[in-house]
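Please put together the full structure from these sequences, using the hints given.
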Amino acid sequence: MAGTSYLVDRGIVLRETETKETDKILTLLTWEQGRIPVIARGARQKNCKFAAAAQPLAYAEWTLYQRRDWHYGSDAATLELFSGLRNDLTALSLGCYMAELTEAVAPEAVPVPELLRHLLNGLYALSTLHKPPALVKPAFELRLLCLAGYEPLADACALCGREDPAGPVLDPVQGLLRCRDCGGGGGRPLCRDSLAALRHIIYGDPKRLYSFRLGEDSLHRLTAASEAFLYAQLERTFGALDFYKTLL
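Here our numbering is used: position 247 in the sequence shown is 247, and no number is missing along the way.
To be clear, the hints were calculated from the coordinates, so they are not data collected in a lab. In this text, all values refer to a predicted model and were calculated from it rather than measured experimentally. For every residue, glycine included, the Cβ atom is placed at its ideal position computed from N, Cα and C. Incorrect hints may appear among the rest.
[Claimed, not checked] Now the in silico label distances, taken between C-beta atoms and shown as ranges:
| hint | residue 1 | residue 2 | range |
| --- | --- | --- | --- |
| 1 | Thr-19 | Thr-237 | 20 to 28 Å |
| 2 | Lys-46 | Gly-215 | 29 to 37 Å |
| 3 | Leu-129 | Ser-5 | 36 to 44 Å |
Written out as structure tokens, the structure is:
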């Protein structure tokens, strides 16, 4: 179109909404524009050349133009569809939850490359590395919250200062670690292994985020602590998480 200024950016589809007969409204998380709504006209037509790029969890290079508050998709070249997820309903539902959670913490129209990189790495761990969803979930949640500014204090008991708390407990509201007998009741109990995993997730090398292993009981404790912390900090529930749990 004459006089139209185009921009090219890579991004992943966090969510889609069908509108009119053949269009979609996509929520894209891109490197340079951040989280933006994009109208993908004709994306539901069988002969649409960028239909694959306009599906949830598709990572693509988009050609966009803007009119007022809306971006419009002119073209897209698919870069990664994470096909390993699409053959596993449990992994796919977890991937959708990860996208929903990322959307919840990503500000609109502000570049947040660390959040996009974290989501891409998490989907890669599920799709290509075939990491267990039960392990990926708490690691993704906790690291995402850290990147979004909700990092818990887990290096020592916040009350007595012990680096190896006696009966470690994560206080999900205050976002701190304490001994079982410090500061009264409440909180989510951890064990030695789940505490080590928690510290690995928060303070470790992001490239090795999913490189730990846990026994069933320790993983259960880590998962419960992660969910409690997430709910306390964000104060909302997630539909994709509810669906993921129905599959377990």
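Against the structure, the hints:
Taking 20 to 28 Å as the suggested C-beta distance range, the pair Thr-19 and Thr-237 conforms, at roughly 25 Å. Separation of Lys-46 from Gly-215 is about 49 Å and departs from the stated range, judged on CB atoms against 29 to 37 Å. Taken as a hint, the range 36 to 44 Å holds for the pair Leu-129 and Ser-5, whose Cβ atoms sit roughly 40 Å apart.
Consistency note: the structure conflicts with earlier hint 2 alone.
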